[in-house]
Amino acid sequence: MDFKIAVSGRSWGERAAAEPQAGKQGEARRLVAVLELTNISKHFGAIQAVNDVSLSIEPGQVVGLMGDNGAGKSTLVKMIAGNFRPSHGTMQMDGKELILHKPVEARQHGIEIVHQDLALCNNLTAAANVYLGRELRRGVGPFRILDYAAMYKRAGQIFAVLKSETRPRDLVKQMSGGQRQAVAIARTMLSQAKIVLMDEPTAAISVRQVAEVLNLIRHLRDQGIAVVLISHRMPDVFDVADRVIVMRRGRKVADKTIASSSPEEVTGLITGAIEQVS
Amino acid sequence: MAVTLDQTIAHKQHSFMSRLLATQTFWVVVAVILACLFLSFATDSFATPKNLYNITRNVTFVAIVALGMTFVIITGGIDLSVGSVLCLCSMILAVTMHAGYGIEIGIAAAIATALIIGAFNGILIAYLGFPPFVVTLGMLSIARSLAMVASNNTVVFQFGPDHDKLLALGGGAWVFGIANPVFYTIVLALITGFVLRWTKFGRHIFAIGGNEHAATLTGVPVRQIKVAVYMISALAAGIAGIIQTGWLGAVTTNLGNGMELQVIAATVIGGANLAGGVGTAFGAIVGAALIEVIRNSLGLLGINAFWQGVFIGGAILLAVLFDRIRNFRRSD
Numbered sequence: 001m002d003f004k005i006a007v008s009g010r011s012w013g014e015r016a017a018a019e020p021q022a023g024k025q026g027e028a029r030r031l032v033a034v035l036e037l038t039n040i041s042k043h044f045g046a047i048q049a050v051n052d053v054s055l056s057i058e059p060g061q062v063v064g065l066m067g068d069n070g071a072g073k074s075t076l077v078k079m080i081a082g083n084f085r086p087s088h089g090t091m092q093m094d095g096k097e098l099i100l101h102k103p104v105e106a107r108q109h110g111i112e113i114v115h116q117d118l119a120l121c122n123n124l125t126a127a128a129n130v131y132l133g134r135e136l137r138r139g140v141g142p143f144r145i146l147d148y149a150a151m152y153k154r155a156g157q158i159f160a161v162l163k164s165e166t167r168p169r170d171l172v173k174q175m176s177g178g179q180r181q182a183v184a185i186a187r188t189m190l191s192q193a194k195i196v197l198m199d200e201p202t203a204a205i206s207v208r209q210v211a212e213v214l215n216l217i218r219h220l221r222d223q224g225i226a227v228v229l230i231s232h233r234m235p236d237v238f239d240v241a242d243r244v245i246v247m248r249r250g251r252k253v254a255d256k257t258i259a260s261s262s263p264e265e266v267t268g269l270i271t272g273a274i275e276q277v278s
Numbered sequence: 001m002a003v004t005l006d007q008t009i010a011h012k013q014h015s016f017m018s019r020l021l022a023t024q025t026f027w028v029v030v031a032v033i034l035a036c037l038f039l040s041f042a043t044d045s046f047a048t049p050k051n052l053y054n055i056t057r058n059v060t061f062v063a064i065v066a067l068g069m070t071f072v073i074i075t076g077g078i079d080l081s082v083g084s085v086l087c088l089c090s091m092i093l094a095v096t097m098h099a100g101y102g103i104e105i106g107i108a109a110a111i112a113t114a115l116i117i118g119a120f121n122g123i124l125i126a127y128l129g130f131p132p133f134v135v136t137l138g139m140l141s142i143a144r145s146l147a148m149v150a151s152n153n154t155v156v157f158q159f160g161p162d163h164d165k166l167l168a169l170g171g172g173a174w175v176f177g178i179a180n181p182v183f184y185t186i187v188l189a190l191i192t193g194f195v196l197r198w199t200k201f202g203r204h205i206f207a208i209g210g211n212e213h214a215a216t217l218t219g220v221p222v223r224q225i226k227v228a229v230y231m232i233s234a235l236a237a238g239i240a241g242i243i244q245t246g247w248l249g250a251v252t253t254n255l256g257n258g259m260e261l262q263v264i265a266a267t268v269i270g271g272a273n274l275a276g277g278v279g280t281a282f283g284a285i286v287g288a289a290l291i292e293v294i295r296n297s298l299g300l301l302g303i304n305a306f307w308q309g310v311f312i313g314g315a316i317l318l319a320v321l322f323d324r325i326r327n328f329r330r331s332d
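Going down the list, the sequences are from chains E and U.
Read in order, the letters of the first sequence correspond to residues 1 to 278 in my numbering.
Read in order, the letters of the second sequence correspond to residues 1 to 332 in my numbering.
Next up, chain E with everything else stripped away, as it sits in the complex:
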């Protein structure tokens, strides 16, 4: 498969210049949902991990997905990422039915994941990590060699779009938590991602780096990419998200805009002190 096609259309610089308004357009006139889940359930034997959840996510929107441990967040996200298949219900992407058998297929549909452990190789450079599994090559037929120059250049452009001081040639081993996040997030911007799922991106980093990561999320949103932010940290969600979805015991108990909710209400929903809001 040739991933060159996905990125060769416009450079990241041009892309940044062309689409800074995408996020705001999304707010102004409601676009077609990029991802729509309808009555999704998942059970493992007798255990009902996700129970009849419906939701839709629009382009350029940051959605905070919150819930206590075991609430079904991870299972839900793993279904979107192609790790699990739903027991019931349907998923639609851009109005077309989406059936995923493998994580690779999710990526082909423009669904990218930033794993909680970031999935980085310390012994490789930032650029090598960004392009891991989809290296750029040049040459013809079987005589194709890694295109170091192009990978350094494009990775540098992506870091510039993310406003991150990350050098493509540096080993990831030597990087700060924020830079490591930037490398993991840069991966999601190689192809024309539509949705980026982020699993606890701020769980294990310093306070200063949290701000850096939240900025990275805003830059993704400004590219018109929908971001699903799975997080335990209330301040982060209320800082960066447009909407918050709360799960409890496999059910969706709230789905509202950040402006119409409050940390107190969300805490109540997570713990069960508040049963459900619509």
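Just so you know, the hints here were simulated from the structure itself, not pulled from any lab data.
What you are looking at is a predicted structure, and each value in this text was computed from that prediction instead of being measured.
Cβ atoms here follow ideal geometry from the backbone N, Cα and C, with glycine treated the same way.
No false leads were slipped in.
Here are some chain E residues the structure puts well away from chain U; computed CB gaps all over 10 angstroms: (1) 88; (2) 109; (3) 207; (4) 268.
Some chain E residues close to chain U (C-beta under 8 angstroms, calculated; not the full set): (5) 124; (6) 133; (7) 135; (8) 160; (9) 166; (10) 168.
For lysine to aspartate or glutamate, the following EDC-like pairs were computed, each having C-alpha atoms within a straight-line distance of at most 20 angstroms: (11) E:173 / U:323; (12) E:96 / E:58; (13) E:256 / E:52; (14) E:102 / U:212; (15) U:200 / E:147; (16) E:78 / E:97; (17) E:173 / U:212; (18) U:200 / U:212; (19) E:78 / E:117; (20) E:153 / U:6; (21) E:102 / E:36; (22) E:194 / E:97; (23) E:163 / U:6.
With chain E held as given, fit chain U onto it using these hints.
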């Protein structure tokens, strides 16, 4: 001082020179050169064409197998079976040719044997989750036993109609008077270096050694690549076995006994990390060269050969000590 984001991103942190000085391989090269210089002055017999010819040729067998081992070690694995696989492939070649088949068929049979054994190791490790140490330890025993079965534990020194061709292949010097095994080693080292640095496959090998889980998550075909590296390791052992058979002109079931330790020592001295993620083709060659120079020099200096193990073991520890010191400084 105002530095823009773009300048920061474009900045190269290390110059070529500082990177060179930071590699273990570089310091081992320095050690080899110093040892050679010292021996040239200290003895009359070191810097003779005959001795240099011998040294370069002796290096090759360990070096070729070490090239294959480098792939395995970079993925974080280990292959203990190489010595026995070398012996089995030599024996298959010898027995096939002894039975009257041509050299092409003999080599094809030996290579096929190597690839089958490598695939067997690789599949057990990658698909069934066996620890590499255990699988290849088992194969160490199995392959040598099969070599005994194949030859009925005899010495084979008659290689049928293509006898002379085989001896020329291993013992000749077709290009510029360089011993053939040396020439093969150079070619194989260049191929290995190219694959590791310039191919997607090479990149993925490093990724698996760095963080196997991450490689899996990013869509690297981890299992297939693991099978491939064990096949490459066995193939390297097989090639070394074919060349060594041609050079020695006879095969015993003792061939390559204990060789796995020398090979692993060569790769580690050359800078490969047994934890995975680090290693180079050049390092494997240089490591093999240092071991051979130590061996050769002990003989020339008239030191009892029983001390050989102490010096080689010392070289391993010293080489890794350099690496540790660098890491200590970095973590301070």
